[in-house]
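2 protein chains.
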Amino acid sequence: MNRSNSGISGRSKGSDFLQLDPAEAPAGGLADWLTDRLRTAISMGHLPVGARLPSTRTLAADLGISRGVVTESYQRLTEDGHLAGRGRAGTIVVAVPLANRTTGRSRLRTPPRPPGATDAAGRTADTSCRSVPDLDIFDNLRSAPARIDLTPGVPDLAAFPRTAWLRAERAVLTDLEAAEFGYGDPAGTPALRRAVAGWLAQYRGIAADPEDLIIVAGVAQAIAMVAQLLGRHGVDEIAVEDPGSLGSRQHLQGWGMRTPPIPVDERGLQVDVLRKSGASVVMATPAHHFPTGTVLDGERRRELVQWATDGGLVIEDDYDAEHRYDRPPVPALRAMLPDQVIYVGSVSKLLAPALRIGWMLAPPQYKDELIGRKRLADLGNAALPQLTLAQLMESGELERQLRFLRRRHRTRRDAMVTAIRNHLPTATIHGAAAGLHLTITFDEGDDTTLAAAALQQGVKCHPLSWHCQLPHAPGLVLGYAARTPTEITEAIATIAKVC
Amino acid sequence: MNRSNSGISGRSKGSDFLQLDPAEAPAGGLADWLTDRLRTAISMGHLPVGARLPSTRTLAADLGISRGVVTESYQRLTEDGHLAGRGRAGTIVVAVPLANRTTGRSRLRTPPRPPGATDAAGRTADTSCRSVPDLDIFDNLRSAPARIDLTPGVPDLAAFPRTAWLRAERAVLTDLEAAEFGYGDPAGTPALRRAVAGWLAQYRGIAADPEDLIIVAGVAQAIAMVAQLLGRHGVDEIAVEDPGSLGSRQHLQGWGMRTPPIPVDERGLQVDVLRKSGASVVMATPAHHFPTGTVLDGERRRELVQWATDGGLVIEDDYDAEHRYDRPPVPALRAMLPDQVIYVGSVSKLLAPALRIGWMLAPPQYKDELIGRKRLADLGNAALPQLTLAQLMESGELERQLRFLRRRHRTRRDAMVTAIRNHLPTATIHGAAAGLHLTITFDEGDDTTLAAAALQQGVKCHPLSWHCQLPHAPGLVLGYAARTPTEITEAIATIAKVC
Chain R
1 MNRSNSGISG RSKGSDFLQL DPAEAPAGGL ADWLTDRLRT AISMGHLPVG ARLPSTRTLA
61 ADLGISRGVV TESYQRLTED GHLAGRGRAG TIVVAVPLAN RTTGRSRLRT PPRPPGATDA
121 AGRTADTSCR SVPDLDIFDN LRSAPARIDL TPGVPDLAAF PRTAWLRAER AVLTDLEAAE
181 FGYGDPAGTP ALRRAVAGWL AQYRGIAADP EDLIIVAGVA QAIAMVAQLL GRHGVDEIAV
241 EDPGSLGSRQ HLQGWGMRTP PIPVDERGLQ VDVLRKSGAS VVMATPAHHF PTGTVLDGER
301 RRELVQWATD GGLVIEDDYD AEHRYDRPPV PALRAMLPDQ VIYVGSVSKL LAPALRIGWM
361 LAPPQYKDEL IGRKRLADLG NAALPQLTLA QLMESGELER QLRFLRRRHR TRRDAMVTAI
421 RNHLPTATIH GAAAGLHLTI TFDEGDDTTL AAAALQQGVK CHPLSWHCQL PHAPGLVLGY
481 AARTPTEITE AIATIAKVC
Chain S
1001 MNRSNSGISG RSKGSDFLQL DPAEAPAGGL ADWLTDRLRT AISMGHLPVG ARLPSTRTLA
1061 ADLGISRGVV TESYQRLTED GHLAGRGRAG TIVVAVPLAN RTTGRSRLRT PPRPPGATDA
1121 AGRTADTSCR SVPDLDIFDN LRSAPARIDL TPGVPDLAAF PRTAWLRAER AVLTDLEAAE
1181 FGYGDPAGTP ALRRAVAGWL AQYRGIAADP EDLIIVAGVA QAIAMVAQLL GRHGVDEIAV
1241 EDPGSLGSRQ HLQGWGMRTP PIPVDERGLQ VDVLRKSGAS VVMATPAHHF PTGTVLDGER
1301 RRELVQWATD GGLVIEDDYD AEHRYDRPPV PALRAMLPDQ VIYVGSVSKL LAPALRIGWM
1361 LAPPQYKDEL IGRKRLADLG NAALPQLTLA QLMESGELER QLRFLRRRHR TRRDAMVTAI
1421 RNHLPTATIH GAAAGLHLTI TFDEGDDTTL AAAALQQGVK CHPLSWHCQL PHAPGLVLGY
1481 AARTPTEITE AIATIAKVC
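Sequence lines, in order, name chains R and S. First residue of the first sequence? That's 1 in this note's numbering, and the numbers climb one at a time after it. First residue of the second sequence? That's 1001 in this note's numbering, and the numbers climb one at a time after it.
Calculated directly from the structure, the hints in this document are not laboratory data. Bear in mind the structure is a predicted one, so any value in this text is a computation, not a measurement. Glycine included, C-beta positions come from ideal geometry on N, C-alpha and C. Take the hints with a grain of salt, since some may be wrong.
[Said to hold, decoys possible] The calculated label-pair distances, taken between Cβ atoms and stated as ranges, are: (1) S:H1233 x R:G231: 18 to 26 Å; (2) R:D414 x S:R1232: 47 to 55 Å; (3) R:T484 x S:T1411: 51 to 59 Å; (4) R:A27 x S:G1198: 33 to 41 Å; (5) R:A179 x S:K1497: 23 to 31 Å; (6) S:R1408 x R:A171: 21 to 29 Å; (7) S:A1171 x R:D36: 30 to 38 Å; (8) S:D1414 x R:P364: 32 to 40 Å; (9) S:R1232 x R:E444: 48 to 56 Å; (10) S:A1179 x R:A473: 24 to 32 Å; (11) S:S1280 x R:Q75: 29 to 37 Å; (12) S:D1209 x R:P364: 45 to 53 Å.
[What the hints assert, rightly or not] Non-contacting residues of chain S with respect to chain R, defined by C-beta distances greater than 12 Å in every case (computed): (13) P1022; (14) T1151; (15) E1444.
[Said to hold, decoys possible] To give a feel for the contact side, a few chain S residues facing chain R, derived at Cβ under 10 Å: (16) G1184; (17) Y1325; (18) S1348; (19) T1494.
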């Protein structure tokens, strides 16, 4: 789609957008034809969930047809639940048609949007159709029904230690002083800060004073606070890995940061490109790259340390570093560079994202300002879950949980690798024996089409495209941690079928 | 203190600041003299916690003494724990000297501040010394030791229903599907949104669709989200009640809003002044004004409705509206004005601030954008406490808790009123028979001095000055909900003694 060319006179009737040609339409059937073509494009993944359609005015002008026809077509697809109007932000694909369904209301969630609303990032329809999925893409994907959910980024949620959690909370409630139900230290409860300091020393090689830790509502909030902090210090861009987490990128952009992409290869972040880019801050996952699973190799690590020592600032997202299956995880970069690294981590991959508990360890010069941002954000995390988690950490229960998960996840990873070798022999498997997901790539094809087709067959995963800003091989990001080996094998076989 | 005049030549030696006159100092004892004068000023409340001192350069020039003397004096008070350097933000009073202590380290918390740090609002030393307590003033006050804590704004924390909470959480954990431990809807769990909608219908006269509710991490986060939203829509000021909550004002300012004060009298917010101010948004507490306890009277309520109908937007902070002891609370303004009111509430005054759970109900045109802000803030509140609270609401447990608290708080309020009549017969008691605190005013005096003196005697409360931007009678804001009648009586007697 090249919207800047729209409306130029003298062009032949027809549009770059989906190569639509109204001459194909039967007489009197323009609206039916257009609706059908758009539905097919959504179904095939050419218009993935989150894609923005041209305005009715633009598309009508491109096609040389009346605007009423385009409006009618958009309206029908909206009623079917495939599109949603977002006021000034345009019209968005919110759901893929289910297999063998062409009429009636979709079972996918299509939240009504009032006229005039923009998305939270305030973006309007100037982003190109394919490049940036919408901010609520994960919410929409979560709402889509599927038989087997391979969405990456969650541990085995069925393994959440419910009994241990409840036992720990009872112990906390028995001993708690009444005053602790009041407003607390915005940086977190002393008990959890002590427990996290112990955890980081043991598992991540980081020697931290509990007083220097800030408890946050997950890595998402940490990113928000860091973006606010750096924005106030005049920073307006934070370089990110490419491929790299779409969620993190969306968050940084939502808080006003540009996110220039720095390529990642099989040895990790290309630090020479980072250096040439002139960026002063980079967000990275050195211990286990998201989504490819690469571990930053020794030489690159030294280069990154040198770049930081020369004045760069690294936001180290240590998102699943404890989940290494073949050998001890590499120490966190923060362990070597306390003054150049803002370290962020959470229990989202250890216990559950729904707990919304994470931590941040910042260079001394930023600490108080970050506590100030946390105070302004929400006055501090809720106390009870903090204290319960501290209890689980201190009692050794979290360590038991991690060991249990490592064994279970390793089995599931092996099952996925085997299934991929059997069913998708041409796919390349990336990454170390670690983490909660795998990335595979193909020599050719369109991964958004593939992911959409897999979803139609009941298997949910991420196209690699979502996590890329630069050109890249097509691929899929496949979470295995939350599924049984049987489910994993069935899901991979299903993907192979639609490939 | 008039810092703009500092350094004007030809002035006599001496300073407007605390009426310091170096001629009083004994020969060779300038630093001792200055240190002593400053310590006394802090102790007497002339320099309350949060006050900003002139720079050493400015004060030295004013006094016609060497800068080294001022630096030495500030340094000694910093070592004693009374002052803290905040880099560009200047030097701040962080703790009052304890009674009968003049040397050694203070037991009050004095967080170290690195050079170059500014506070979270990015304010530097351009605010006048008395007017704006520092952002961490509540943290500092909380850390100060006291025998009897009358800090307003908390319910009886000892009454937190620990057993019921644990029982509800066990029920939740028993039935919870594994997927609910994953990332969830940023607007909140459906169960809690339904339960809150029911609560608001029953207690606040508001008919809300659960889908329109957004669960937030307390009113503080709601204020942050609203400030971000309105800022993006070009709003840069939100009028506030005066007196009015210092915490809310700090939050609005921290998120970039100016907060023009609109006076409140015995009938509530002076809507004619609001109208003349030209402000387009006001934050108000119509059901029970903070801190004076006034209920907006019928005519003012009609005026405010008219102002909003003419295009104004009201942020209705319904912070403790359920706590009315003599008659049913007035319905929320939101019940009448769904398109002109952003309604915010929480369980901080019903159960505990430490839960960090609140809700927001916005006009339709803002809903999606606010959900977007919540997503960018932290991806949504933690799920388990939401579901536990929903269970407490649905089971009637929260209603039982409210009835219990109402009875208990009423007794405590009566005890406080009686004690004030006995020990402080000249004080005026303000407000309706409602809430968790009382405000009293005096004909004359300095309330920061009084509050500091009370703290020295082990009684913690807020000077009314903290909650005022406009000139006002001196007063104290006294929380009674968390204290027994005996403690309350003793505390009031202590305050009477230092008066």
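Evaluated hints:
1. At about 19 Å, the beta-carbon gap between H1233 (chain S) and G231 (chain R) stays in the expected band of 18 to 26 Å.
2. Hint check: D414 (chain R) to R1232 (chain S), Cβ distance near 48 Å, so the stated range 47 to 55 Å holds.
3. Taking the beta carbon of each, T484 (chain R) and T1411 (chain S) are about 58 Å apart, inside 51 to 59 Å as hinted.
4. At about 56 Å, the CB distance of A27 (chain R) to G1198 (chain S) disagrees with the hint of 33 to 41 Å.
5. Checking the proposed 23 to 31 Å range against A179 (chain R) and K1497 (chain S) shows it holds: the Cβ atoms sit about 25 Å from each other.
6. Checked against the hint of 21 to 29 Å, the pair R1408 (chain S) and A171 (chain R) passes, with Cβ atoms roughly 27 Å apart.
7. Between A1171 (chain S) and D36 (chain R), the C-beta spacing of about 50 Å breaks the proposed range 30 to 38 Å.
8. The hinted range of 32 to 40 Å is not satisfied by D1414 (chain S) and P364 (chain R), whose Cβ atoms lie roughly 51 Å apart.
9. Range check, R1232 (chain S) to E444 (chain R): Cβ separation about 42 Å, and the 48 to 56 Å hint is violated.
10. In this structure, A1179 (chain S) and A473 (chain R) meet the distance hint of 24 to 32 Å, their C-beta atoms being roughly 31 Å apart.
11. Checking the proposed 29 to 37 Å range against S1280 (chain S) and Q75 (chain R) shows it holds: the Cβ atoms sit about 35 Å from each other.
12. Checked against the hint of 45 to 53 Å, the pair D1209 (chain S) and P364 (chain R) passes, with Cβ atoms roughly 48 Å apart.
13. Annotated as non-interface, P1022 (chain S) keeps its C-beta farther than 12 Å from every C-beta of chain R; the closest such distance is 34 Å.
14. For T1151 (chain S), the non-interface assignment is contradicted: its Cβ lies about 8 Å from the closest Cβ of chain R, within the 12 Å cut-off.
15. No beta-carbon of chain R is positioned within 12 Å of the beta-carbon of E1444 (chain S); the least distance is around 32 Å.
16. For G1184 (chain S), the interface hint holds, since its Cβ comes within 10 Å of a Cβ in chain R; the closest pair sits about 6 Å apart.
17. For the restraint placing Y1325 (chain S) at the interface with chain R, the shortest Cβ-Cβ distance is roughly 22 Å, beyond the 10 Å limit, so the hint is violated.
18. The interface hint given for S1348 (chain S) holds, since its Cβ lies 8 Å from the closest Cβ of chain R, which is under the 10 Å cut-off.
19. About 20 Å separates the beta-carbon of T1494 (chain S) from the nearest beta-carbon of chain R, more than 10 Å, and the hint is not met.
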